[in-house]
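Visitor: We have chain A already, so just place chains B, C and D with the ligands on it with the hints.
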Amino acid sequence: MPEVTLVEAINLALARAMQDDPEVVVLGEDVGVNGGVFRATAGLQERFGPGRVIDTPLAELLISGLCVGMSAQGLRPVGEIQFMGFIYPCLDQLVNHASRLRNRTQGRITCPMVLRTPSGAGIHAPEHHSESIEAMLAHIPGLRVVFPSSPERAYGLLLAAIRDPDPVVFIEPTRLYRTARGEVEDSGEALPLDVAFVLLEGSDVTLISWGAMVKETLAAAEVLADDGFGAEVIDLATLKPYDEQTVLASVAKTGRCVIVHEAARTGGFGAEIAALIAERGLNSLLAPVARVTGYDTVIPLSRLEQHYMPSVERIVTAARQVCQFG
Amino acid sequence: MPEVTLVEAINLALARAMQDDPEVVVLGEDVGVNGGVFRATAGLQERFGPGRVIDTPLAELLISGLCVGMSAQGLRPVGEIQFMGFIYPCLDQLVNHASRLRNRTQGRITCPMVLRTPSGAGIHAPEHHSESIEAMLAHIPGLRVVFPSSPERAYGLLLAAIRDPDPVVFIEPTRLYRTARGEVEDSGEALPLDVAFVLLEGSDVTLISWGAMVKETLAAAEVLADDGFGAEVIDLATLKPYDEQTVLASVAKTGRCVIVHEAARTGGFGAEIAALIAERGLNSLLAPVARVTGYDTVIPLSRLEQHYMPSVERIVTAARQVCQFG
Amino acid sequence: MDRTPTTDEDLPVIAQFSVRRRCYLAADGSTPGGLPDFAADTSLLISLLRAMVLTRSFDLKAVALQRTGRLGTYAVSLGQEAVSVGIASAMRPEDVLLPSYRENGALLWRGARIEDILLYWGGDESGNSSSGPAHDFPYCIPVGSQAPHAAGVAYAFKLRQEPRVAVCLFGDGATSKGDLWEAMNFAGVEKLPLVFVANNNQWAISVPLARQTASETLAQKAIAAGFPGEQVDGNDVIAVRAAAEAAIEAARDGQGPRLIEALTYRLGDHTTADDAARYRPPEEVQEHWKDEPIARLRAFLVARGAWGKTEEERLAAECQEKIEAGVAGYLATAPRAPETMFDHLYGELPGAYAWQRDEVRGDSDA
Amino acid sequence: MDRTPTTDEDLPVIAQFSVRRRCYLAADGSTPGGLPDFAADTSLLISLLRAMVLTRSFDLKAVALQRTGRLGTYAVSLGQEAVSVGIASAMRPEDVLLPSYRENGALLWRGARIEDILLYWGGDESGNSSSGPAHDFPYCIPVGSQAPHAAGVAYAFKLRQEPRVAVCLFGDGATSKGDLWEAMNFAGVEKLPLVFVANNNQWAISVPLARQTASETLAQKAIAAGFPGEQVDGNDVIAVRAAAEAAIEAARDGQGPRLIEALTYRLGDHTTADDAARYRPPEEVQEHWKDEPIARLRAFLVARGAWGKTEEERLAAECQEKIEAGVAGYLATAPRAPETMFDHLYGELPGAYAWQRDEVRGDSDA
Ligand SMILES: Cc1ncc(C[n+]2csc(CCOP(=O)(O)OP(=O)(O)O)c2C)c(N)n1
Ligand SMILES: Cc1ncc(C[n+]2csc(CCOP(=O)(O)OP(=O)(O)O)c2C)c(N)n1
Ligand SMILES: [Mg+2]
Ligand SMILES: [Mg+2]
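Chains as they are written, first to last, in our numbering: chain A, 1 to 326; chain B, 327 to 652; chain C, 653 to 1018; chain D, 1019 to 1384.
Source of the hints: derived by calculation from the structure; they are not laboratory data. Note that the coordinates shown come from a computational prediction; the quantities given were computed from them, not determined experimentally. Among the hints, a few may not be true.
Claimed, not checked - Cβ-to-Cβ under 8 Å is the rule here; a few derived chain A residues that face chain B:
1) 88
2) 240
3) 275
4) 280
5) 289
Unchecked claim - Across the chosen pairs, the derived CB separations fall in these ranges:
6) D:1366 to C:1000: 45 to 51 Å
7) D:1078 to A:19: 43 to 49 Å
8) B:373 to C:932: 17 to 23 Å
Every residue gets a Cβ at the ideal spot worked out from N, C-alpha and C, and that includes glycine.
Extracted from the complex, chain A is given alone in its bound form (with noise of 0.2 Å):
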């Protein structure tokens, strides 16, 4: 199998789609001629022409507007963001019409559209280029949010959302589209879109993150393995709906858990999982639920944005706080 990095892990896919199903259609600013300026959709306009592969204008409204149009046409239309940072002209849509257009027509009319976005600081790169806004995405009732953190996830991952009749924020994190490499089977073979997936087993502590995070926290598990923690790590992966048994039972097995995200605390998605488990795992629990997570400040431009982010050391301190209590 070829190893691939993320980025292209996601053109494979997207090429994959739109090879097996001609509704799927590719839209965004700079995604045709320029293949992405991520290069996501590199060579795509080439193979499936400008009518499916569309530079639109620089409207992030209207994108995700003509998604929902196409999409209750029946088209399969898959979005760009260019950076998180710009996908808030598209709440409106994604709340308003998107998620709720299937319920407001009591099933007429259905959104089966994605919409994909670079998420993530790290970089180097300019104001508002560095968002994490998952929490607020997965606040939304009938959207899906999915972040993935590997090529093969994140492959697997984005065939499920495009083919899922539902519409679907399929993150992708910007510091991993280059440096994850992995193994990746072009099997055109989706991955469940409710599942999370345990990267490593361990009965100590249970360690819960997502998109880029996830190396951090898998980097953090091998110091605490080091110190003779068994950390067990989970990409949650899927984050509306969430896989909540695999959380419950990872706590319940561990009696421990640490929740690691880059964005914000306070309202952050760390926080949905820290309550479930307050009020669904509080028997087991053995510690303090601790969160890492990216602080109640603007996100500063990369002279400190490492500072801002949650770093291994940052992870390892708190598991080995919460794995010491008591």
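Guide: This is chains B, C and D with the ligands only, laid out in the frame that chain A set:
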């Protein structure tokens, strides 16, 4: 002291702020001649003129963006978004500009602006008129989010919001606009923005809520009192930043906690509070934290909306379980 | 010497644009400037009249229901019936309508049942579920936000080379929203089979047109997107239909989008929740009653000898009957079971939310 | 007989619009059609030339810094210097500039220090904090989103009756965003003292103008908002300045907003992160080098006898010196202490977040 409704209290606070400070301007759809679709701005244009009470074109992005520009010039704009379901186009301005212009310019340009909007269901309104997305807003660094539940607190907190040097989203409980009445002295005195209000003291269980749900929460406390359970009722009032101390102190005392909100459950602001308790209040916790919330579905139109919103009964049931746990 | 004084008026003109206005039927029913071909078809004109009268009667009934607590907030189209009906009448069934909340006349023309329309405004989503063409969009409540959908729909037609057209109706207020702009601009770039219709009733709740925009016409907004715009007398159903036919067939023919501004007037309150007397003088409204669309088409048909008292009475009775049947059906429809709020959330309800549905079901069982 | 055949061409025209184009300085430096008054002031023209050369030299240096890992992503304005400089030169200090990320020339003209500009693109917010007029907005990165701010700023001027003007610069791509539309529309309604400037470099990253919009000019987009638009040769700094002066003074005079489309060409890559060769032929770029703004003004000044080799060399040396000083200052600036990320979050850091600042401080101490 005169008894006023909640919306009258808002009107009083706006008039007071405009009278005290010539920099305060009010803008939005139908806020001028019409005095607002809920009459929150009634009489203001007559009194302060169309220059300071501006009927804008129908454009929410514009309203929020105007507030940024005006406040950057030292005005104190108070924008109205007619219903929270139409606030989504403002998110780009709120996240990418209002809440970070101070930081982007290291204090050179600031945004002392307020965006007011009615929120919540239960008035048999048309589609998209019943939203509660305070959790999305409370995730935004640099913003303040306020959500009062009584005429008195609406008055004092709105004055505080207008005087605050930073952007505030001020959410108003539509359902209580005319049903909540109380004595309000038009004293010009603001209430603090970072303090939660303990509405009822009790030692058996902490009930935390905000906005319109405070009413049902108080009613539930009464029922619980009949059961013999002393409920402490906290109106969080300011959601970002919120008063963690009051929450933790109360849970330390009661050991039990139920959080009540109308917004959808997953990723709602209740998750944040439950997470806080799981992190920093675990030691005192005698029972699982419970969330009584709107469901993870699109809020139904009027015929079914009452089945969506947390009822007194649902709150009581959850609180009883929590009280009887262990 | 390199200095000759110049003035800005000397600068060369590089582009020129004009906006035309279409009107055939004067307020008194006369036709000073002739008529389009289709107006020879009297039975067609009668069907337009009938549809407008049905719409108006239905509006009246709906308001009565609302006033007696049997319907939610409702938006009448009093005085604007020619826009809804004229536009819809020029569409084919396979075309897609994307209406705002004030276009009941268009829905009725396209086959939506009165009962369903009432169900929707009565607070039941199932009103959107069945009648009328299955591909038509439901009413759009967030103003202007259906415009990008229309562009998406039209793009699908273009991609599949289907001879279909998307027709997007919105108010004057909606033209202030970026949504319209972005959709129109894209429609221009892609030459989409898409007709934009601004139902210019000159008010957006309490905001008059002059505070909504400084452009002399709404039609000229199309110039910004590089395609033609036209103003039509929105109280002249013949003109509306003619403009719609021209635009829709041009779009079907691959000639790209057009914008029609239908200039009319909102004779009623914004909705049943509104009291227009607070912000506009009754005299203004009174003045506009002179221009309303039904009287003038009726006068024209009477002059043509095609309409009279008998027909009028028969029509009134027919409308009454249809409406009463619809109302009866509506009032007889029980609320759906509460747990159905989860039925159409996703294609299949995720396991994570099953307990919530069960809880609601339990609630309602209890 | 009520049927006379009519055609759409018979419909009366109710509104007409035109767009003019302004150009004085031909590509060879000649002035076939005369010049505006201010062009008599040779020292002013020289200052424009100097500013454009400084901007270009600075861009070159910034790219070199980026290529060697000492600067973040950077957007050059190669070929577009006349727009930035021409516009800024017509502003008063008390006016407010709302620039996009590609308007370094305007910032430099208004007094921003090279060191600060580098700090910003080097990843330090403090680059936005000090130099230049304190009321100018920082670069706007989310395309077009500064337009409503400009309207808000201009509204404040109008309300306070201050004779000041807001000037908003954005690219051709930005004209596709609803933000622009909503802001322009409001500016029209309120007759705000606001000048919109579309820096039309004909590309938005890889998207050429023809895919961005179907409108023949960007200037005509103002028609939709009910105020005048004008196209100007964006490679002719005299024309840009003349257009800006006319628009800014009209706005100051209470005549309301204008849109200036400055038609130029992006000779460079979109940013240092971009490789334009992927999507546009080098020949196209080569072709446009003939039109670039510096050569033509230089040729004009040489012909006027006001510029020569000595001046050119002296200017190069001066630019070099300024830039080197700025770069040295930039490179010598240590990163701020990490916990300063909380310093300007709120007017006063809420107690709830104090521990986070402490944690960051601890981190960095460790
Ligand atoms: C985005 C949005 N903002 C505000 C509202 C509240 N609202 C409902 S109708 C209306 C006025 C609409 O005016 P117009 O577009 O002219 O349509 P009309 O009602 O006159 O048919 C407003 C402000 C809304 N529905 N959507
Ligand atoms: C809202 C938004 N969407 C996308 C981007 C990414 N982006 C940065 S510049 C650019 C193209 C802008 O083109 P234009 O407005 O013509 O300005 P230019 O770069 O040519 O000066 C894009 C798509 C952005 N910064 N903001
Ligand atoms: Mg209207
Ligand atoms: Mg450009």
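Visitor: Compare the structure with the hints numbered earlier in the document and write down the numbers of the violated ones, lowest to highest.
Guide: Hint check: nothing fails, all pass.
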